[in-house]
Structure formats: C-alpha cells, structure tokens
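**Q** Take the given structure of chain G and dock chains B, F and X to it, following the hints.
4 protein chains.
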Amino acid sequence: MPSERQPTGAATRDDHTEITVVGADRTGIVAGVTGLLFERDANVEDIEQTVRDGVFRMTLHADVAPDSDGPATDAEREELRAALAVLGDDLGVDVRVRFPDERDEGVAVLVTKEDHCLRALLDADLSAEIRVVVGNHDDLEAIADEHGVPFYDVGDDSGKPDEDRLLDLLDEYDVDLVLLARYMRILSPDVVFRYAGRIVNVHPSLLPAFPGAQAYRQAVEAGVRVAGVTAHYVTTDLDQGPILTQRAFEVPPEATVEDVRARGQPLEADALVAAARAHLAGDTAVRRGNVAVSGDHEFGALAGD
Amino acid sequence: MPSERQPTGAATRDDHTEITVVGADRTGIVAGVTGLLFERDANVEDIEQTVRDGVFRMTLHADVAPDSDGPATDAEREELRAALAVLGDDLGVDVRVRFPDERDEGVAVLVTKEDHCLRALLDADLSAEIRVVVGNHDDLEAIADEHGVPFYDVGDDSGKPDEDRLLDLLDEYDVDLVLLARYMRILSPDVVFRYAGRIVNVHPSLLPAFPGAQAYRQAVEAGVRVAGVTAHYVTTDLDQGPILTQRAFEVPPEATVEDVRARGQPLEADALVAAARAHLAGDTAVRRGNVAVSGDHEFGALAGD
Amino acid sequence: MPSERQPTGAATRDDHTEITVVGADRTGIVAGVTGLLFERDANVEDIEQTVRDGVFRMTLHADVAPDSDGPATDAEREELRAALAVLGDDLGVDVRVRFPDERDEGVAVLVTKEDHCLRALLDADLSAEIRVVVGNHDDLEAIADEHGVPFYDVGDDSGKPDEDRLLDLLDEYDVDLVLLARYMRILSPDVVFRYAGRIVNVHPSLLPAFPGAQAYRQAVEAGVRVAGVTAHYVTTDLDQGPILTQRAFEVPPEATVEDVRARGQPLEADALVAAARAHLAGDTAVRRGNVAVSGDHEFGALAGD
Amino acid sequence: MPSERQPTGAATRDDHTEITVVGADRTGIVAGVTGLLFERDANVEDIEQTVRDGVFRMTLHADVAPDSDGPATDAEREELRAALAVLGDDLGVDVRVRFPDERDEGVAVLVTKEDHCLRALLDADLSAEIRVVVGNHDDLEAIADEHGVPFYDVGDDSGKPDEDRLLDLLDEYDVDLVLLARYMRILSPDVVFRYAGRIVNVHPSLLPAFPGAQAYRQAVEAGVRVAGVTAHYVTTDLDQGPILTQRAFEVPPEATVEDVRARGQPLEADALVAAARAHLAGDTAVRRGNVAVSGDHEFGALAGD
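Residue numbers (our numbering), protein chains in the order written: chain G, 1 to 305; chain B, 1 to 305; chain F, 1 to 305; chain X, 1 to 305.
Wrong hints could be hidden among the right ones.
[Said to hold, decoys possible] Only pairs whose alpha carbons sit at most 20 Å apart, straight line, appear in this in silico PhoX-like list of lysine-lysine:
(1) X:K113 to X:K160
(2) G:K160 to F:K160
(3) X:K160 to B:K160
Simulated from the structure, these hints should not be mistaken for laboratory data.
Here the structure is a predicted model, which means the values were calculated and not measured.
With the rest of the complex left out, here is chain G (with noise of 0.2 Å):
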C-alpha cells in the first residue's frame, strides 16, 4: 500500500510526526520522550532544544511506524497520545504530538488596528480556511463579522493582549497556522514554542534591515533608495525568523514615511498571503534556520510602477 503522506519528498519535514513539549526546563524531558518512542520501535529523526526567558522547548521529529508501509494507524495514534500526555503530566509540561497527515487544518489570524493585511487574507483563495480572527483592539471586528468569520479581542483597555486566553481560542478552533496581519504585539514564548515553524508574520522592511519598531520610518531616517517587506516564521527571536517571501519597491527622492508607508502597505499583504499559500501547500520546510522553498509561489518580487 503506497503511502500518501510524502507529497513533497525527504526535503520537508512533512512525512515526520512532531512532538513538542513546552515548559519549565528540567532534566529526564529528552531522556522520557526518546525512551518512550523507542519502546514503540520509532525512529527519533531531528531533536530541537531552546530556552527562552525561562520557558523550555524541545521539538522532535520522529518516523513513528518506520517498518510500515503507511501510516500509524489509529489506535497507535491514539495509544502514543495517551502514553505521552501521562508523561508530560509526570514531568509536568504540556506535550502535543502532529502526526503528518493532521496538519494544516484550519487558520487564524491575529490583528491589531491595521486591516490591510486581514481584508486581504479573507479575500484570498487559501487552500485552509480562516477559522478565527484574534485581536488586542476590538476595531476590526466588524470586517471578521462582514466574511462570517468569529471575532475574539484579548486584549485589556491598553491593548496588552491575555496569551492564556489566545491559546484557548486557538486550541478550540484546532487552529494550525497563526497569521499576524499587522498584529503590534511580541508573541511570547509561551505562545511562539507551541507554535513554532506555524506562525507567519509580515514585517515592514525587508529584513535583516531594520527590525523593530517603526520601520519604514527607520528606512526614511537611513536614505535607503529600495526598500520593501518580509513575511517570515517567528521565532522568540524578534524579526529574525526564517523569511518566507520579500517584496521590493522604489524608494524616490523626497519620498517621507508617509510615502513609503503607502508603496508598502498592498505589498505586505502581498507577501503574506503569498507566504501563507506556500506554507499551507507543504512547499516550505525549515531547516537550520532558513526556509528551503519548493512549488510555484512568488518568494521575491519587485514592485515597479
């Protein structure tokens, strides 16, 4: 029986189950996860530890029915679901297992006040559907209302967002992409471990140049004659998450920030929709910090006239 779960070949993570486990660091998290798989005969193919403000997580990728023809089938699943969620109750951190053919089910985006980007992502053709949108303002609402799309603010008067609140919502609606369309917040850790390699942000340069905050003005202030955006995988690492796609754009003499910000703007919804569609067609894997891309998507482009 042919396997269906390798639609893009050995250069993706995608014919591999991942396991991520997130929480305070201890000893005995690889030693458990590892002994656990090999007494179910799996193959441990990729191990990934990091620590970030005191937040531990590792990321396993394993072939866990590697002398089968297909898949695991469901009872495994279900049986190494159980066993691990016994396991991160004893180590007390949250497990959650992807088994290859789960993913990509369903897509939430999260917004701040800007709804270029959101208004784009709802008009677009995605292969997944937009199950949620999350905002730390309410003022997009009504834009989530008008696509028939559920609209969630987390956040408090300030606009400081509750992440307990957002894991909530994006476990309830099984949400497997995270897409930051102008979202103004830094995702804590807490939130970019669980998701790691499926949260996409679009920032306003085109980066490594200028991260942070305020971009196109930075871009002003350094004279830059092109500048551009980059949608990107976020990592705790602000603004230097694997890119994903970039667009370029003119940068006229006596052009002000206003300016630029205007030739921007329908580029960073370009980008993210853009990006969006490459990683929601498997066509994206990340290795070693950069995304090795496949399939016909528009990665970079230049924006003339």
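**A** Showing chains B, F and X alone in chain G's frame:
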C-alpha cells in the same frame, strides 16, 4: 554680476568654501581657523569635527566673500590659502581649501582584482576625466592601459597598500573624486578624512543589511528573497556612509552564492556609475549622514529579468 | 588682577564661557553665534553639534575676553547675554550662556522610588547645595521633607514625567548639576542637551557591560564572577556617557539577582556621591567622550567583603 | 557495588557518557546514534546540535548502563565504541565517545609569544599532567623544554596554525583539556566542536565587556575605572563562552594601556590556573550557556594594591 556657482540651490553646500584640517587632535585648531576667517570677514556656516584612531578632522564650510556679488577674487584666494598654510604649519596639521568653483576636476578609480566596475567606469561618458587608476594589485593594469589611463600598483606582495603613496598620487593628479571600484581594502582615516564626501564605494548588498566581507554569501545564508547593491559615500564607519544609489534583484529559490554574484555584479557597475554621475553633476549633498539628491538620476532601481 | 577661576589648569574647560543652543535644526545657527562672538573679539575654542530625535544642540566654548587679564565685566556679560537672546529669538532656538565663575551653584536630585542614593546624597557633605528633589512618583517626598529640601512630583499616574515642568524647576532653583539617584526614566534630548556634561547618573553595572534595564539580572544571567556599578555623565546615548566612577564586587557562586542587588546598592550610592564630589570640585573634564580627572577622589574601587 | 563515578552529584554531567559527532550536516545522524544507543538499552539524557561555518556538531549525553549498579563493563564499552565507529564511517562523520571515568587524563597548553600564563601553569600544582605545549610560533619552546614538556610549533611563517596537526597532537597525547595561555588565534569549529566544554581561554577583560582584539586598549579608550580578566570555556562565539573565573582591578587616573596590561597580566595567569583547577576537580558544569560551579575555588576576585 550674477554668480554661476550655484546651479542646484541652497540644498547643497556647493556655494561654500570648504576647509579641511586633518592631523593630531589638539587645542587651538578651531580658534585658529575661525579667527583667521573672521579677520577676513568670512562667515562660518558649519563646522564638523571627528576623531578616529587618533586622527582628528575638522571640516568647515564658510562664505568667504559674503558682501560680494561674486566669488572671491584670485588674489583673495591666494592670500587665504597662504594664511591657512602658515597656520597649518604652526599647528602641525594638514589644511586644505576648496573653493566652490574648483571642484570636480579629476577622478581616480581604486581597484583590486575584479574588473567589471572599472570597465564600466572607463566606458561611461562621465562629465569629469578619469585621470588615474590605482590598485593594490597589478591585475587590472592592462585595462587602464587600453584606455590610456595611467595605472599605479601601491600594494606590497600581500596587497597591503601604501597609503602615503596613494595620497601623493591623488595630489599629483589633482583628484577631486575617488571611486572605489571593488577596491577590497579599508581606507584609513588618513585618506577618508582628507576626501570626506568625495569617496564613493559600491558594496554588494542592500545596505544597511549585510555590511562587511562576503555580502553575497551573507545574503544567501540569511535566506533573503531580494538582494541588491549600494553605492555610498565612504566614512570611517565601514559600509555605513550615506547612501547614493541602490539596485535590487530577486533571489530565486535554490540560488547559490555564485548565482547571486552573477546577478549582482552588473548592477554594482550600474550603481557606481549612476552615483558618480549624480555627484559630478553637483546633485548630491550630504547633511547629517544622509544624501539629499536632485536632478534626473536613477538613484533606486529594481532589476527585472 | 589674577584670575582665581582656573584651579585645575588647561585640562578642563572651566576657564571658558559655554554657549549652548538647543532647538530645531536649521542653517544660520553656527554663522549667527560665531559672527556675534567675533564682533566682540571673542575666540571660539571649540564647537560641538549634535542632532537627536529632531532636536539640535550646539555647544560652543569661547574665550570672551581674550585680551583682558580677568574675566569679562558685568556690563560685557549683560551685553553678550542680551545679544545672544535676540539672536535666539530670531532663529527660534533656546540660547544659554554660562560664564566660568557662574558654575556649580545648585544641585537637583531626580528620583523614582528607590531611596538609598537620595539618602546618601542628602547625608553627604557636598560642596554645593541640594536645592530641590524632583520625582516622577511621590514616594520619596517624606525623605526630602526631613532634610528640608523642596520636593516636586512631575509624574502622572503612570509615572510619565512632565519634562517642561522639570526644566522650569531646574531654572527656578538655578540648578547647575543634576544627579539621577535611581531615576528610572530616560531623559529626552530636550533635557539632556540643555544640561550636557552636568547630569550624572548611576547605573547598576560595570559599563559598558549590561546597559539598559535590569542590569543586575543581566549580570547574573551572563554568569559573571565580578559585577559592579558606574556613575557617568548622561548623553543621549543611553548608558554610554563618559564614565566618572566605578565600584566592583565579587559575585559568589549561586548568587541570586537579589543577592547581587544587595551587594550593589550601597555601592551605587557611594559611586554617585564620589562622582558628584569630583564634578563639583572641578576635577573632571569631558573630552571626546571620556572624562579626564584630577584631584583626590575615589574614581575606581573594589568592594571587599 | 556503589558507583564511584559521581563525586559532584547531579549538578554535573560527569556521570554521563558523552558522544560527540562532528562533520558535515546531514540527515540520519540523530536517528543513527539514538537508535544505536536504544538498541543497547541506554538512556539519552540530552542532545545538543550546532552548525557553524558548515561544520555540524551533535553532543549527546547518555546513561549507557542504566540498569546496572556500576559503569559499563570494558567489553560493553568496546562494543559501543566499535559500533559508533562503524556508524561514523557510514555517515562520513567523526564520532568520539568519552565514558565518565575516562576524563581529565591529560592537558595541552596552547601558546603564541606571551609567556606569563604558560609559566604559571607549568609551575602550578595541577591535578592532571601537562603533556604537551603547542604554539603557532616557537618563541616559548625553551620554557617547555625547561619543564621537560614536549613542544610543537604548528604555525607557518606568519603564525597561521595547521589545525589538522594540532588535532593529531591532541589525539597522540590523549589530551582531555586544552588551555589557551594567550594563544592569539581563533580556533576553528573543527577544533572547538571536538573539544566542546574542554577548552579554556583567558581573555584580558571583564567579559562581556570588550570582547575581541586589544581588550586592554579598548578598556582604556572607554575610560573605565575598573578593568579585569576572564577565563571562560571556548565556544564558536568568540569571547562569549561560559565564564569560569574573573579578576578585577582598579584603573588609576591617567593609566596608559601599558599600565593596565602590567596590572592585568599576572591576573590572567591567576584566573586561568584557578579555572583549570576547578575544571579538573569536576566542579564545573555547563548548562544553557552558563557554568554551574561548586567546590572551594576562587571564581571571582578583586585585586587590591
């Protein structure tokens, strides 16, 4: 009698006499030069001082004939030049004077081994004469010879340049603009301070991204989808001088460092020639680290397929 | 008549009149001020210009009575001050003049909530009077009251300070030296430029290591075995101003952030008091970003058990 | 039978077998090594992977005889070592195994021209033997000779070291700890990865301040009042490895670079010897970039007059 010195208006400093002092940092320099100017009824418009690696530079812009309709007379100029020379001797510093209509007389091109930028400059129809080519290796001597331009190799066996020799050559050929055509050495403050705002380099990245060595490699390793090149004025801060021109191009998936270099090199030449033209036309003015530009030049461009 | 103004010799600028211009960056400022001085036969000894966040500052040091044996007369001073005020009005900038023997008249202490540095300053036998304590919270009002020093809270509910009010208070109390005694806000260029070289901060690290917030935490997380504190002049580059005094102490194995803070806080007060004393004695002079010191002060020290 | 492997308790990794893989980055390495270990009932306790300049390193800590009261038998060790060697050959990578009680067998000292640290190490009463001194110049050969320790010069005429030769020597002399006694070259990842956590350098500053070349000069130019030295484990991030010991000293006003160097050099030797002792006693353990220490060693110290 109307002055013909000011084609581009108040936006540039081209209507001012520029006095540059380079040497050891000591007290008395500012007082000496400003005092000498005021005795001659000149107005001091601006003073900048910098120290780097123990070398002091003061650049002063003055209106030396503020009550006259036209420029200073030849006799006035000679007298001022002589007085400043005496002062410089007293203080043990090097003093240079450039009157507004004396500029842009000659061009020097500095090279190492790559020939594409040198060829483009020699073939371009610049408004000023390329009077000398100076290398820290002798690889490109034949190309200069073909074009009837004198070539000097100021490097030792390892390519280490003799900068005193370089400064002598720039004096001997009455050079006003220095173009770094893939010159792979860092100029010391001794040279940079004497030709502040008159040295243009081309760097193989979209600065401020990827300063330093191996910029194409850096870009590929960072996984960018858009790369480019930059021509900029040289300061003592490596690859951070004011930007003149930039060219961007798309980086296809799977592109190697060699692929990116092949796309970039013709654009390096293009950016450097355009920057030289804008400078020679007097259409560029540096203020607070940025270049104010005017005129019909291609400052930014996107290189489509 | 011999001048008594110059106890420390040519190494300091205390024998020069200092003219500070703060305002919007525009042409004509340098020409205006230097011209006005030369008409009065003053010598311009040094000029520094800076722009930050759109605020321009020029600091000019001049000898305003170079041909006289003594300082400028009261009448000459009044005339110069009045002429500069007129010029400032014309140019729309704020001009301040400090004659050499007018300095070090009064001290302001800026505070937030930590009291150890304020207490140490109020108990120290300084050569100048602490005339006012200004906070961005009112927590320390009682301490100022105990010592009979006026206290003002210029912060709003969130502690955001009203810097216009602060500048008015510094004027009203004729303040010449501002001591930041764990003032937890960043002063804007509007304040820093007006009191350049006359604001001293204490930072809880051995600068240049660990600038920015939570320096003790940074040190513990970096695993250093020696930590310390630094008193320095404040510039618009956060925690990078010229160093006055430093105190080092050992970090025992297993030390927590609280342990390190407990070791460091008494030294913060000690470093700040020593820095204030050296400044008030005229034994410090800033040149090119460093402090030249003289006199019998404890500039560096190691805190044994 | 009680194990004697664990003198310092769970805080260190000294009770684990360490497997280091260095080579080209490729898939299959993690799966291969972990699979091989699990077949032998070993527990994988920790895995770290790094890539630098195209060189891949995986360091894995395992408990290879978890069900036994004592260490693995000689036969078990031989079998595991042989199996890993076969796997390494298959994957084209270099695999090394260190069993817990095989450590700290021999010391190498790397030098250039400065002799004070080498002399101090040779005179110190270390718990392990200095088996070889390796220089990138031959200046210190006589000192090694005096102490009856073999000396090898692996540098060419310009001092460029032959690192393959260096690695051969470290193997030949069965070196477990490498001390950089003012060795003025940057070790490549090829060396650093093979001796991760077993190379100690001494740097002439209080890191993280003043990394890189000419640290004493940097300190003087920054105007610090307290300077110092640091011994640290070497990683591929220059001068950023985990800190072992530090020594601080006061910088008097007017101190020159030479003055500071004269104060610092005896402390360099002192810091390096103390760091070596703590490492050899098994009282240091690296975790997440910091060193956890125990035992009675002088990790931090202030050098009074």
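**Q** Please go over all the hints and tell whether each is borne out by the structure.
**A** Each hint, compared with the structure:
Restraint check for K113 of chain X and K160 of chain X: satisfied, since their Cα atoms lie roughly 13 Å apart, inside the 20 Å limit. A hinted pair counts as satisfied when its Cα atoms are at most 20 Å apart, and K160 of chain G with K160 of chain F qualifies at roughly 18 Å. With a CA separation close to 18 Å, the supplied pair K160 of chain X and K160 of chain B stays within the 20 Å bound.
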